[in-house]
Every structure is written in C-alpha cells, then in structure tokens.
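Chains C and B, in that order, are what the protein sequence lines are.
Here the numbering used here is used: the first residue of the first sequence is 4, the next is one more, and so on.
Here the numbering used here is used: the first residue of the second sequence is 419, the next is one more, and so on.
These aren't lab readings, by the way, just hints derived from the structure by calculation.
It is possible that some hints are incorrect.
[What the hints assert, rightly or not] Derived Cβ-Cβ restraints for the label pairs, each shown as a range: (1) C:Asp125 with B:Gly779: 21 to 29 Å; (2) C:Leu66 with B:Leu440: 52 to 60 Å; (3) C:Lys7 with B:Ile549: 35 to 43 Å; (4) C:Trp154 with B:Gln757: 42 to 50 Å.
Quick caveat: nothing in here was measured; it's all calculated off a predicted structure.
Quick reminder that beta carbons are idealized off the backbone N, C-alpha and C, glycines included.
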Amino acid sequence: MSEKKTKRRDFLFTATTAVGAVGAAAVVWPMIDQMNPDASVKALASTEVDVSALTPGNTLTVLWRGKPVFIRRRTQDEIDEARAVKMEDLIHPEKDEDRAKNPEWLVMLGVCTHLGCVPLNDKGDYNGWFCPCHGSHYDTSGRIRKGPAPWNMEVPKYEFVNANTIKIG
Amino acid sequence: MSDHDYRPKSKVGQWFNDRLPLLTLANHLTDYPTPKNLNYWWTFGGILTFCLITQIVTGLTLAMHYIAHADMAFESVEHIMRDVNYGWLIRYIHANGASMFFLAVYIHIFRSLFYGSYKSPREIIWILGIIIYLLMMAAAFMGYVLPWGQMSFWGATVITNLFSAIPLVGEGIVTWLWGGYSVDNPTLTRFFTLHYLIPFLILGLVVLHIWALHVPGNNNPVGIDIKKPSKDTVPFHPYIVIKDGFALLMFMIVFAFFVFYAPNILGHADNYIEANPMVTPAHIVPEWYLLPFYAILRSVPDKLLGVVAMLSAILILAVLPWLDTSKIRSAVFRPLYKQFYWILVADVLILGYVGAMPAEGLYLLIARVATAYYFLHFLVILPVLGFKEKTLPVPLSITESVLGGSPNLAAVRNKESKIE
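Please construct the entire structure, taking both the sequences and the accompanying hints into account.
Below is the structure:
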C-alpha cells in the first residue's frame, strides 16, 4: 500500500474526472447562457428618432432597448455652463466636448448610474438632472456632480442620419 | 432520534414500520422531550411553518390565474382581484402573508438573539435559519415584481442594479439577470419561475432546520443544557402542540385584521399603476421588512461599499455564534448584554424608520449613526462583552428556576431581601 508509483487505476481516475468535468461544463454553459439577451432582444438594437420638433431648452425622451434615452437640445447658457467646469471638480472627469460632439445636442441614456432610476429634467443643484431615488445630481452635460452615482450618464453610440434624424445604436 | 425501540401496536403498523419507519418518526415527533419552561416566544417556529404552508397554498392557486408576461401580468392580477372567485381573498392573503411571514421571522430571530439560541451546539440550526431568511427575502422581492406595477418594475431595476457595483463583471451580470438591456419580459418570466421554486427550497431547509433542532433539543429561557427526557421536559404532544396552537390562533387574528380590514396598508399605492420604463416613481421604497437594510445601503455614499455594507449586515449574522464570546446563553443572566440587546432592537427599528424616509439631511445622519452602531454591536460589543461581563449565577436545572418563580433566582432573592 505504501508504494507511491502511479498506477493504471490512478490514470483512469484522473482521465475520467477530467472528461467528466469538461462534459459537465459543456452542459452547464447552455443553461447559463440561455439567460443572456436572446436574438429577438438583440435585433432591436437601433432606433431612429425625428428631432425636428425639438426647440432649444427642451428634452425628448425615447425608448431604446427598453431604456429611456434623453435627447436634449441645449441652450447656449447650458453649453457654456457645461464647458466652463474644471476637470478637477468632476467625480467622473469627462469633457463636455467629448460627450456632445455637436454642442447643441446632448444624447445620453436617461438612466442613473447608481441603481438605474430615471433622473428628472431641469432639477438638482447643477441645473441638469436629479435622480429622485437616492439623490444624485447631474450637470447640464449629464455628468455626476453630487450623490451616490459613480459615473456620468452614459452616452450611447448615435449619429445624425440627416439634419432632423438621430439614429441611436 | 432517541426512540429506536418504538414498536407500533398493530400488526399492520409493525409490517409497514419495518419497511418504512414513518411511524417511528411520528412517535419521535409526538414524544419529543421539550423543556417545560418554554414561553410564548418559542411558538413562532410553528407559526412560521403555518406561514410557509399558507404562502405555498395561496401561491399555487394564484399561479393558476396569473399570466407571467410583461403585457398581461398587470391585467391578470386585476383579473384575479375582480373576476376570479375569491381571487381578492387569495391574493390579499398571499400579499399580506408575506408581511406576516417576515413579522414572525423577525420575532423568531430576535428570540434567538435574546436567549442565545445560536450558540453551541446549535450553530447549524442558526446558519440554516439565516439561509432560509435570505431565501425568504429573495422570494419576497421576486414576488413583489410579478404584479408588474410601478414599484414592481422600479424595485426590480434598483435591486438588480446592485450587482452592477461589482467591478469589471457587474454590468455583464446585470444584463444576464435581465435577459436584455433593461428589466423586461425575460426578467419577469424568470422571476416568476424562481419565485415558484424558492418556497420549496425553503421547505427542504425547514426540514433540515427542524432535524438539526431535534439533535440537541430546544434551547430554553434559562439557556442551560438539560437532560432529556427528565423532570425538566414535557412531551411535545399535547403540551407544546396546544401552546403553539393557541399562539397560532392569536397570530391569525392579527393576520386576518390585515387581510380583511387593511389589505393595502403595508403595500404601496404606486404598484396599482402599470409598469412604465420611462417614469420612475418620485419615491421608491421597498416593502417594510427590507427597510433596515435599505437604510444601510443608502447611508454609505459609495455605490460598491453601500452594497457591501448591506450584504455584510445580513451575512454577519451567519458568523454570530463565533462573534459572541460569552459562554452564557440566556440574556436573563447577562445584565449588560440585555441592555445592549434592547439598544440593538431600537437601532434596527430606527434603521427601518429612516429607510422609509428620504436619504437627506437629518435622516441621512441618523441612518449613518445607526448603521455604524449595528456593526459596532456585532463586531466590537459582543466579542468584548464575553470577556468583560460579570454574569449572574445560572440555575442548575429548569425545575429549580421554575419553582423559584423566576428564571433568575439571584434577582428574586435580591428583591425578597429588599422587601424584607
């Protein structure tokens, strides 16, 4: 019994366990992955919005992938306010120039990065958005300034198809 | 099990019992020696069993009429309330039953905290109980999502987003939980499936919980080990059965009051508005039984640390048997612990209150102090108290304490000498 030599049976044990583990993993993965977004959910990946009726100082909220997207046509005051902010004052430093390529238009997910509520327009200490759930304040560029949210509101992939239409996604 | 020598009286019974010893089990359960000094705080185990069975039976009947689909769930709940025969009654029992379940479980947990029921040799009973409690919270949360009202939807959004606090993989986990890019139909159908499954998991754990209980036997108000069976015990049937039955009746009066006279008082009016992903209700609050933990979550200004604090507040209970260093179980003989115990009760109630209030100003400050104290109680006060506290003399037997008229003999003698 004290012999330490690897036996034929040890090899069989190891090989069987290894093959069994791979087999089990191959069965478990489909059971886990079935919970990920399915093909029909992924198919709704982009949406086109007509923004011709939107006047400066107003926000349009549209649904994209089940989430609200804020399309804000900003006034010159709001743009100036957003661009005057120093980077060191920001919790999640991002330049307004990077968030709104066309300064008049701010397009972002209307989802608070804390726990996913929809922030309210024209509210809060920074004239931007305020989340009623846990009190996060966002500025006119949708950047987090005060409260528990860790990041700025996310800017999704979007483009102007023509002067009046934005394609999100 | 102590009754291996049990033999059924009838021939048929013997024949059956030799093949499947169910009658031996039944005999063990009826004769099970129970400390004779158990008070009414010990009746909540039976009450909780009643709550679980009630939730399963009403849940099964509701599932016969409910439709788990984002477009139809809200309407199907209204259909249950208006059209289904006695649908209103079944749903109100189920919805208020969840609250009654938590009411009973909190009393049950605080009973254990007072009398030291979590201490050796009952750690496994306690840990099984904490797992049951966690599953109860999961089941209650998912059940609250099913009516697909505004609170359902936004509660689901906020709670699932807690996982996004996990570094790197958080967002992926949330998408996986949702089955999409927001809470939607795939989320609803999986929540319904899990909500259906969890009660049966709880049932299995309850069997283990009771099995583990029957190994050392019940703790008791004086918290001393007893010989069983002996003069210190009575058989479970009829003594405890009658006592539990009476307490259950009292409990059912409270239950029936909510069901028939205030069926919506514990709910939230916003949940009678259908889910709308474009509008968040002005003030999101969880059900009352989750408020203390919600207050802890909000009292930490950092997202990840807030989630960690909230989970720790629950999981810290699992290691309680090793945090409490005192050898004496019952708070009756621990004059200092008894005071800290009541401070903890007040602390949790305060957390529950501020959890329902907006997280700002004075409320936020109170929540932070109360959160700090909660952890202080378990991590500092309890370990230190075991070494520093001067405990009172413990009676040698339950009979001694019963005949003395109070579980605390020393206190009785003290009082008597003062009166003289």
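For each hint, the structure was consulted:
no.	hint	in the structure
1	C:Asp125 with B:Gly779: 21 to 29 Å	23 Å, holds
2	C:Leu66 with B:Leu440: 52 to 60 Å	58 Å, holds
3	C:Lys7 with B:Ile549: 35 to 43 Å	42 Å, holds
4	C:Trp154 with B:Gln757: 42 to 50 Å	45 Å, holds
When held up to the earlier numbered hints, the structure conflicts with none and fits them all.
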